[in-house]
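Student: As a plain string of letters, each chain reads:
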Amino acid sequence: MNTFNLNNSYKAVVIGGSAGSFQGVVKILSQLPQGFPLPIIMCLHRLKHVRHGFVEALSLKSVVPVTEPHDKEPIKKGGVYLAPANYHLSVELGHYFALSTEEMVNNSRPAIDITLGTCAYVFKDKLIGILLSGANKDGALGMKQIKDRGGLTIVQDPAECMIDTMPRAAMAVTNIDHVLKIDQIVSFFKELHKQYRT
Amino acid sequence: MQEIDIADLRRISELIYQKHHYDFRNYAMSSFKRRVQRILELKKLTVDALIRKLTDQPAFIHEFLDELTVNVTEMFRDPGFWRVLREEIIPSILLNHKQFKIWHAGCSSGEEVLSMAILLKEMGIHQDVQIYATDLDVNILEKAKMASYPLKNMDLNEKNYIRFQGAGSLKDYYREENGMAVFNRDLLSTVTYRKHDLVLGEIFNKFDLILCRNVMIYFNQSLQNEVLRKFHESLFKYGYLAIGSKESLIWCDYANRFIVVNNEEKIYKKIKD
Chain A
1 MNTFNLNNSY
11 KAVVIGGSAG
21 SFQGVVKILS
31 QLPQGFPLPI
41 IMCLHRLKHV
51 RHGFVEALSL
61 KSVVPVTEPH
71 DKEPIKKGGV
81 YLAPANYHLS
91 VELGHYFALS
101 TEEMVNNSRP
111 AIDITLGTCA
121 YVFKDKLIGI
131 LLSGANKDGA
141 LGMKQIKDRG
151 GLTIVQDPAE
161 CMIDTMPRAA
171 MAVTNIDHVL
181 KIDQIVSFFK
191 ELHKQYRT
Chain B
1 MQEIDIADLR
11 RISELIYQKH
21 HYDFRNYAMS
31 SFKRRVQRIL
41 ELKKLTVDAL
51 IRKLTDQPAF
61 IHEFLDELTV
71 NVTEMFRDPG
81 FWRVLREEII
91 PSILLNHKQF
101 KIWHAGCSSG
111 EEVLSMAILL
121 KEMGIHQDVQ
131 IYATDLDVNI
141 LEKAKMASYP
151 LKNMDLNEKN
161 YIRFQGAGSL
171 KDYYREENGM
181 AVFNRDLLST
191 VTYRKHDLVL
201 GEIFNKFDLI
211 LCRNVMIYFN
221 QSLQNEVLRK
231 FHESLFKYGY
241 LAIGSKESLI
251 WCDYANRFIV
261 VNNEEKIYKK
271 IKD
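Residue numbers (our numbering), protein chains in the order written: chain A, 1 to 198; chain B, 1 to 273.
If we strip away everything but chain A, and leave its shape as in the complex, we get (with noise of 0.2 Å):
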């Protein structure tokens, strides 16, 4: 069966979230397919000055452990990578990452929508983008500029979102392809890894 429509052309994965994402986050990457093989690039909205814990905290229940990457590290087939605590996450052309400390956009230091604007630029069509509960609107011009880009664009349904300002902003700003709760999403990357095993 394939729900989704899906075909084995994508080479990446972005995941922005913030209030209200985190147990998501935890049941996505709890249930990811063993050796999915798309890089997975998170950006979720967390505490400046708390460096430890959260990579940590996720990797505990992660099928692959989470890092954050260092400037300029290579993206590997299969990681699962988070922006690091008061640094923007970006993706450059030779697909590898990028950190900054420029000013806060969205009042937010990682930005969603600087890792997934920059994605949309290096991956095109290639990419997937994912947005889940958060307070703000960071990320919907990073939806945008991914479906803009023919990417494929999903939203955490509102309805379970804990907050949904967030998903709903992105949905106003562009169309979003599929609208999911979390365990669609599971089911959504089950059927995404299916293409990839032939």
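Note that these hints are calculated values from the structure, not bench results. Treat the hints with caution; some may be incorrect.
Here are the simulated DSSO-like pairs of lysine-lysine, each with C-alpha atoms no more than 30 Å apart in a straight line [what the hints assert, rightly or not]:
1) B/K19 x A/K48
2) B/K53 x B/K98
3) B/K230 x A/K137
4) B/K272 x A/K48
5) A/K190 x A/K137
6) A/K48 x B/K206
7) B/K44 x B/K143
8) A/K77 x B/K145
9) B/K101 x B/K143
10) B/K159 x A/K48
11) B/K237 x A/K48
12) B/K33 x A/K124
13) B/K230 x B/K269
14) A/K48 x B/K98
15) B/K230 x B/K19
16) A/K137 x A/K27
17) B/K53 x A/K48
18) A/K48 x B/K33
19) B/K44 x B/K171
20) B/K53 x B/K19
21) B/K145 x A/K137
22) B/K121 x B/K145
23) B/K206 x B/K269
24) B/K43 x B/K159
25) B/K43 x A/K137
26) B/K143 x B/K159
27) A/K76 x B/K33
28) A/K147 x A/K27
29) B/K33 x A/K147
30) A/K147 x B/K44
31) B/K44 x A/K137
32) B/K19 x B/K195
33) B/K145 x B/K101
34) A/K11 x B/K33
35) A/K126 x B/K33
36) A/K147 x B/K43
37) B/K171 x B/K206
38) B/K33 x A/K137
39) B/K171 x B/K19
40) B/K44 x A/K124
With the hints as your guide, set chain B onto chain A.
Tutor: Same frame as chain A, but now just chain B:
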């Protein structure tokens, strides 16, 4: 708003290099693009208008540099780093030298320089340490020399200072004046501020400790490599280099001439000439 493409960015960096002798040709593309885009929006310019302005108005380059370079910084950013300096790195330098020299490369508006001066004062060695603070942006150097920051920034700075476990309160070092925190001038009596370009500039002195935190992230790898070579040459043997907590030297050619002293806070020690 038009999206700026790589060809435009190359035209701009080439022009700046030829005409103004600043070299942004090896800056990291994603942030360089955002910075230029930001200037276009701020000044309400098109790419062509920006290029004309950079060509026809020589003085505009300073305004341009001021906006292009990232000047977001904090006092005692990463308090744990400053604790390691106070408890491990500086004591180990003091074992061999009563007097020594520190270079803040890319000092921006000077918050780290001031943090260092306070740290040294609290260690009772303020007068024994010569500090050099450099940046390529002359406007920001002037700001650094003023050591005067908006009071609204002091909340974060004070929090960092508390986590650093300083000897008193940050308030001991400044007075409030027109919404600004004006720091005591004598803190900076041992600091030499000078314009210096990490990319095109020459080696100008030898140091026991170099701080260059979250500066090289704006460079591409080949430039990072080149700048690390300069830092290596600017350090005495067994001198220390500190970079940002999420920066890495491991992909640089000169990395094997350093050892990691503290991986968490990214402090390296030069062990080979």
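Student: Could you run down the list of hints and mark each one as holding or not?
Tutor: Tested hints:
1. B/K19 x A/K48: violated, 40 Å
2. B/K53 x B/K98: The given pair, whose Cα atoms are some 51 Å apart, is violated under the 30 Å limit.
3. B/K230 x A/K137: violated, 43 Å
4. B/K272 x A/K48: Given that 30 Å is the threshold and the Cα spacing comes to 36 Å, the pair is violated.
5. A/K190 x A/K137: holds, 29 Å
6. A/K48 x B/K206: Given that 30 Å is the threshold and the Cα spacing comes to 35 Å, the pair is violated.
7. B/K44 x B/K143: Given pair B/K44, B/K143 holds - Cα atoms ~25 Å apart, limit 30 Å.
8. A/K77 x B/K145: Roughly 47 Å between the alpha carbons, so the hint for A/K77 and B/K145 is violated.
9. B/K101 x B/K143: holds, 22 Å
10. B/K159 x A/K48: Since the Cα atoms of B/K159 and A/K48 sit roughly 12 Å apart, the hinted pair holds (cutoff 30 Å).
11. B/K237 x A/K48: Measuring from Cα to Cα gives roughly 35 Å; hence the hint is violated.
12. B/K33 x A/K124: Distance ~17 Å between B/K33 and A/K124 Cα, so the pair holds.
13. B/K230 x B/K269: Given pair B/K230, B/K269 holds - Cα atoms ~14 Å apart, limit 30 Å.
14. A/K48 x B/K98: Violated, at roughly 37 Å.
15. B/K230 x B/K19: Within the cut-off at roughly 25 Å; holds.
16. A/K137 x A/K27: Holds, at about 23 Å.
17. B/K53 x A/K48: violated, 38 Å
18. A/K48 x B/K33: holds, 24 Å
19. B/K44 x B/K171: violated, 40 Å
20. B/K53 x B/K19: Satisfied, since the Cα-Cα distance of roughly 12 Å is no more than 30 Å.
21. B/K145 x A/K137: Roughly 38 Å between the alpha carbons, so the hint for B/K145 and A/K137 is violated.
22. B/K121 x B/K145: Cα-Cα ~18 Å, so holds.
23. B/K206 x B/K269: holds, 14 Å
24. B/K43 x B/K159: Distance of about 35 Å is beyond 30 Å: violated.
25. B/K43 x A/K137: Measuring from Cα to Cα gives roughly 25 Å; hence the hint holds.
26. B/K143 x B/K159: With a Cα-Cα distance of about 23 Å, the restraint between B/K143 and B/K159 holds, given a limit of 30 Å.
27. A/K76 x B/K33: holds, 24 Å
28. A/K147 x A/K27: Judged against 30 Å, a Cα distance of about 25 Å means the pair holds.
29. B/K33 x A/K147: holds, 21 Å
30. A/K147 x B/K44: Distance of about 27 Å is within 30 Å: holds.
31. B/K44 x A/K137: Holds: B/K44 and A/K137 sit about 25 Å apart, inside 30 Å.
32. B/K19 x B/K195: holds, 18 Å
33. B/K145 x B/K101: holds, 19 Å
34. A/K11 x B/K33: Distance of about 23 Å is within 30 Å: holds.
35. A/K126 x B/K33: holds, 22 Å
36. A/K147 x B/K43: holds, 29 Å
37. B/K171 x B/K206: Outside the cut-off at roughly 34 Å; violated.
38. B/K33 x A/K137: holds, 23 Å
39. B/K171 x B/K19: violated, 45 Å
40. B/K44 x A/K124: Holds, at about 28 Å.
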